[in-house]
Amino acid sequence: MNQLEHIAAFVRVAELGSYTRAAEALDISRTRVSRQVMALEEALGARLIQRTTRRLHLTEAGERYLVRAQGILQALDEAAAEVGQGTSDVRGRLRVNGPMSFGTRYLAPLVAQFMHTHPALEVRLDLNDRRVDLLEEGYDIAIRIGSLPDSSLVARRLTRCRLLFCASPAYLAAHGEPSSVEALAEHRCLRYRSGQQSADWKIATQSLTVNGPLESNNGDVLTHAAEAGLGIAQQPSFLVTESIANGRLVPILTSEPAVLLDVHALYPARRYLPAKVEHFIDLLTEAWGDPPVWEQHIGLSPITQQ
1 MNQLEHIAAF VRVAELGSYT RAAEALDISR TRVSRQVMAL EEALGARLIQ RTTRRLHLTE
61 AGERYLVRAQ GILQALDEAA AEVGQGTSDV RGRLRVNGPM SFGTRYLAPL VAQFMHTHPA
121 LEVRLDLNDR RVDLLEEGYD IAIRIGSLPD SSLVARRLTR CRLLFCASPA YLAAHGEPSS
181 VEALAEHRCL RYRSGQQSAD WKIATQSLTV NGPLESNNGD VLTHAAEAGL GIAQQPSFLV
241 TESIANGRLV PILTSEPAVL LDVHALYPAR RYLPAKVEHF IDLLTEAWGD PPVWEQHIGL
301 SPITQQ
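Take 1 as the starting number for the sequence shown in UniProt numbering and just add one per residue.
Everything labelled a hint here was simulated from the structure, so no lab data went into it.
Where is the CB? At the ideal position from N, CA and C, for every residue including glycine.
Zero decoy hints are in this set.
Restricting the straight-line Cα-Cα distance to at most 16 Å, the calculated cross-link-like pairs of lysine to aspartate or glutamate (EDC-like) are:
no., residue 1, residue 2
1, Lys202, Glu182
2, Lys202, Glu256
3, Lys202, Asp262
Restraint-style ranges between C-beta atoms, simulated for each label pair:
no., residue 1, residue 2, range
4, Thr117, Val221, 28 to 36 Å
5, Gln3, Gly92, 18 to 26 Å
6, Gln3, Asp200, 52 to 60 Å
7, Ala174, Asp282, 44 to 52 Å
8, Thr117, Ala185, 45 to 53 Å
Please take these sequences and the hints and turn them into a complete structure.
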């Protein structure tokens with residue numbers, strides 16, 4: 001039997017508490033995961049997982065074996081990464097997660113470029129706006145924009161963007177341009193809201209409650225609404241600089257202190273960073289730049305706030 005595959009299957013099931021979730025993380029069928037765990041138990045001559053109709057839990061032997069198995073897999077990952085640092089050969093599978101709108105614009109093209117450079121590499125790119133669990137869901141790296149929760153993950157800042165107030169020329173002609181952030185209360189504001197997150201706008205070190213005709217959990221929706229003259233939007237620069245460059249939107253309140261959002265790469269803490277992850281991060285850092293490529297050539301003042 002392929003003992004390492006069976007060990008990896010058992011560890012995933014134990015960590016995730018589910019054969020189905022383990023199968024998704026390993027990208028194989030649930031039936032195969034179940035067979036691998038049973039084959040491992042048969043080879044060891046011990047029951048590792050106690051199964052019931054509603055849940056599963058580790059036996060005493062399974063708990064002891066899990067600690068050893070996790071150490072073995074971690075040691076193998078570190079050994080492979082250490083060797084990989086001495087070669088330019090990037091291969092295997094890279095699982096990447098990123099936010100939807102940003103990922104479509106600025107992450108997907110670089111994934112394609114990276115795969116052309118490293119044809120032996122397979123990539124799975126998942127784009128969504130939820131906070132995935134890298135360890136539980138098996139991602140090698142995630143791209144995150146904005147504040148980060150405390151975790152055991154390593155965070156490397158790649159670049160940054162700023163939040164911009166903007167509106168269409170037609171809206172400003174009809175309603176006038178606000179002279180201050182306080183004056184936004186008198187305008188139609190297009191607000192971003194995701195889940196239970198507040199729709200308030202960030203203003204320097206505080207927040208501002210605004211009102212308007214549209215809320216959405218997608219920034220592209222709000223950008224299109226602003227272009228259509230429905231109101232003022234506060235959007236990350238990567239979403240609106242193309243519209244600004246084409247004259248569909250006009251930045252306003254540009255003298256206000258910039259609200260900055262850091263763009264981070266998150267990955268599990270390891271002694272040796274896998275070569276595929278390190279090279280990919282290097283590509284992102286070089287391609288996006290600081291100031292970022294999406295803020296260049298549209299007349300924005302340099303970011304001075306750190």
